Amino acid sequence: MDGKFSEKERAIADRLHEEGWRVDARRQDDSKEHMKNPESMVRKDPADEGLITEYKTLNSGESKAVNRNIKKASKQVPEDGEVVIDGRNVNLTKENADKAWADLERYDDTRAAKAHVILGNGEIVTYVRGD
Amino acid sequence: MADQENIFLQSSGTAEDEATLLRDLLGLEPIPDSSGADADEHGLRGPAATVDGVLGFVIQPNDLVSQDPAPGEAQAIDKYPIVIDIWLGRDEAVQMKEARLVFDRLVEARPDVPMLLCHDLDLLVAAYRPGRGVHEFPAGTTIDAPDADKWSEWVEG
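Same order as they appear, the protein sequences are chains A and B. Counting from 266, one number per residue, gives the positions in the first sequence under the numbering used here. Counting from 7, one number per residue, gives the positions in the second sequence under the numbering used here.
Bear in mind the hints are in silico, worked out from the structure with no lab data behind them. Quick caveat, the model's predicted, so the values are computed rather than measured. Relax, there's no trap hidden among the hints.
Heads up, simulated EDC-like pairs for lysine to aspartate or glutamate below, C-alpha to C-alpha not over 16 Å straight-line:
no.: 1; chain 1: A; residue 1: Lys-336; chain 2: B; residue 2: Glu-47
no.: 2; chain 1: A; residue 1: Lys-364; chain 2: B; residue 2: Asp-74
no.: 3; chain 1: A; residue 1: Lys-336; chain 2: B; residue 2: Asp-69
no.: 4; chain 1: A; residue 1: Lys-336; chain 2: B; residue 2: Asp-9
Over the 12 Å line for every Cβ pair with chain A, so calculated as not near, a few chain B residues:
no.: 5; residue: Leu-31
no.: 6; residue: Arg-111
no.: 7; residue: Gly-137
no.: 8; residue: Gly-139
no.: 9; residue: His-141
Cβ coordinates follow ideal geometry from the N, Cα and C atoms, glycine included.
Take these sequences, add in the hints, and give me the full structure.
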């Protein structure tokens, strides 16, 4: 757990820290050359063993962008892993986040067990697979 | 995940075919440990052209295609069945430059194949259309429908 966050990853880790979650960067596994290389372990309370978690920062606030980035990040984590999508830079709305997750569910598309989406106003919305 | 560059190809070949072509074109080697990869993900690597470092590539089917796009939900990448993800590391500017060199090599080597160069899945950098050449998009152009007026004539429908 001695990895380093990039600037974008650090911004997400800081927001999760505000929720009281402990976030540790994972060391990069160069043998896999990023093919599956999630960047953090997140523990939501001291008893939590932690979940491998993948971050993505959006460059577009459209629901399709949320959809794409959840799919891409979800392929990086194990079955019980989680993803965090940061939409603050693009003023992501809850409506677009909701639509993206609804479409992923409707088509039973690739998605992590949980996706935490940071909206433009900084609020975090959590979506659970199969809910 | 770290930002990646993406080249989308409108090719009728399989991901494996495209990986073979890319490997031969750029003199790449397979990524040694691809144990976590999906069945049709093909990992390659090779030396970067402008810095001392290793450039990684994953060639796979484009599963980001809209399955049933409603009006106003089209993406520029919807008609491009193959994607090549490219990464170098933490230096985003160098990574983008390296990806651009790969894109230019592909355009030169595969003049009949339409292709798009994107940054981190969301932003459209350049498009190539056979017979028309390469078009550069203004910074911040997304692959999403609100920017379709900027890309529709350069994206193969």
